[in-house]
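Chains as they are written, first to last, in my numbering: chain A, 1 to 116; chain B, 1 to 116.
Bear in mind the hints are in silico, worked out from the structure with no lab data behind them. Any given hint could be a false lead.
Heads up, the list lumps identical chains together, so a pair's fine if it works in one copy or across two of them.
As the list claims (entries may be wrong) - Dumping the calculated SDA-like pairs for lysine to any residue here, alpha-carbon to alpha-carbon at most 25 Å:
1. LYS97 x PHE3
2. LYS36 x GLN114
3. LYS6 x THR106
4. LYS103 x THR40
5. LYS18 x ILE115
6. LYS36 x LEU19
7. LYS103 x GLN114
8. LYS6 x ASP21
9. LYS18 x MET109
10. LYS103 x THR28
11. LYS6 x THR107
12. LYS97 x ARG2
13. LYS36 x GLU72
14. LYS36 x ALA74
15. LYS6 x ASN111
16. LYS103 x ARG31
17. LYS36 x ASP21
18. LYS6 x GLY27
There are 2 protein chains.
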Amino acid sequence: MRFLGKQYMVELKGCNAKLLDDPEFIGTAMREAALKANATIVQQFFHQFSPFGVSGTIVIAESHINIHTWPEHAYAAIDMFTCSDTLIAENAIEYLKEALEAKECTTSMMNRGQID
Amino acid sequence: MRFLGKQYMVELKGCNAKLLDDPEFIGTAMREAALKANATIVQQFFHQFSPFGVSGTIVIAESHINIHTWPEHAYAAIDMFTCSDTLIAENAIEYLKEALEAKECTTSMMNRGQID
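Using the sequences and the hints, build the whole thing.
Next up, the structure:
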């Protein structure tokens with residue numbers, strides 16, 4: 001079986017709530033995570049919600065990395081989609097876990113686009 | 001059990017390859033899909049890859065909708081993350097299936113961020 005892409009769903013729990021509510025910090029951490037994964041950044045946005053939380057997207061040449069944070073639950077949902085064999089998703093995940101000071105990290109991976 | 005969000009992974013196969021390679025069409029279809037799902041568009045970005053394919057992201061107040069297309073395989077991967085009970089993901093999925101003229105559509109849903 002051959003697939004066109006892989007999607008990683010990462011649950012970060014027990015994070016530093018203050019960091020999760022800081023769009024500048026989240027932006028810096030996401031860009032750094034993308035670089036650590038060998039990704040090429042094409043475009044990015046970060047948006048702060050009222051009263052809490054940040055959503056961020058980085059479109060990368062290899063697909064995308066998204067984050068949604070819930071500071072009130074010390075939780076961040078990350079999802080990373082890649083169609084490249086050179087992107088090392090684990091590096092980005094490990095970096096974000098440390099940057100957001102997560103106490104718990106679980107990752108699921110789903111293959112996307114079966115072509116044979 | 002209570003969760004903070006839901007993530008829908010949609011596989012559209014047998015699509016119209018010409019539409020999948022047209023970033024303007026993809027942008028219009030994605031915005032329309034967001035509106036049909038009752039989503040509020042916050043930010044959006046569409047990017048055409050060389051030689052083929054489009055990546056698109058719509059940040060919505062309810063989280064995000066992404067698309068990646070492979071015209072050469074008549075395939076599009078859509079993923080929609082929502083933290084809202086008012087977003088009707090099925091409406092967006094049904095609309096995109098028709099708009100991209102997909103012959104086959106399979107959807108997986110994953111709960112994200114268990115809080116109790």
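Outcome of the hint check:
no.: 1; hint: LYS97 x PHE3; in the structure: between (27 Å within a copy, 20 Å between copies)
no.: 2; hint: LYS36 x GLN114; in the structure: neither (27 Å within a copy, 28 Å between copies)
no.: 3; hint: LYS6 x THR106; in the structure: both (16 Å within a copy, 16 Å between copies)
no.: 4; hint: LYS103 x THR40; in the structure: neither (29 Å within a copy, 33 Å between copies)
no.: 5; hint: LYS18 x ILE115; in the structure: between (43 Å within a copy, 19 Å between copies)
no.: 6; hint: LYS36 x LEU19; in the structure: within (20 Å within a copy, 34 Å between copies)
no.: 7; hint: LYS103 x GLN114; in the structure: between (34 Å within a copy, 15 Å between copies)
no.: 8; hint: LYS6 x ASP21; in the structure: between (28 Å within a copy, 21 Å between copies)
no.: 9; hint: LYS18 x MET109; in the structure: neither (28 Å within a copy, 30 Å between copies)
no.: 10; hint: LYS103 x THR28; in the structure: within (20 Å within a copy, 41 Å between copies)
no.: 11; hint: LYS6 x THR107; in the structure: both (12 Å within a copy, 15 Å between copies)
no.: 12; hint: LYS97 x ARG2; in the structure: between (30 Å within a copy, 23 Å between copies)
no.: 13; hint: LYS36 x GLU72; in the structure: neither (28 Å within a copy, 30 Å between copies)
no.: 14; hint: LYS36 x ALA74; in the structure: within (24 Å within a copy, 31 Å between copies)
no.: 15; hint: LYS6 x ASN111; in the structure: both (5 Å within a copy, 18 Å between copies)
no.: 16; hint: LYS103 x ARG31; in the structure: within (22 Å within a copy, 37 Å between copies)
no.: 17; hint: LYS36 x ASP21; in the structure: within (23 Å within a copy, 30 Å between copies)
no.: 18; hint: LYS6 x GLY27; in the structure: both (23 Å within a copy, 23 Å between copies)
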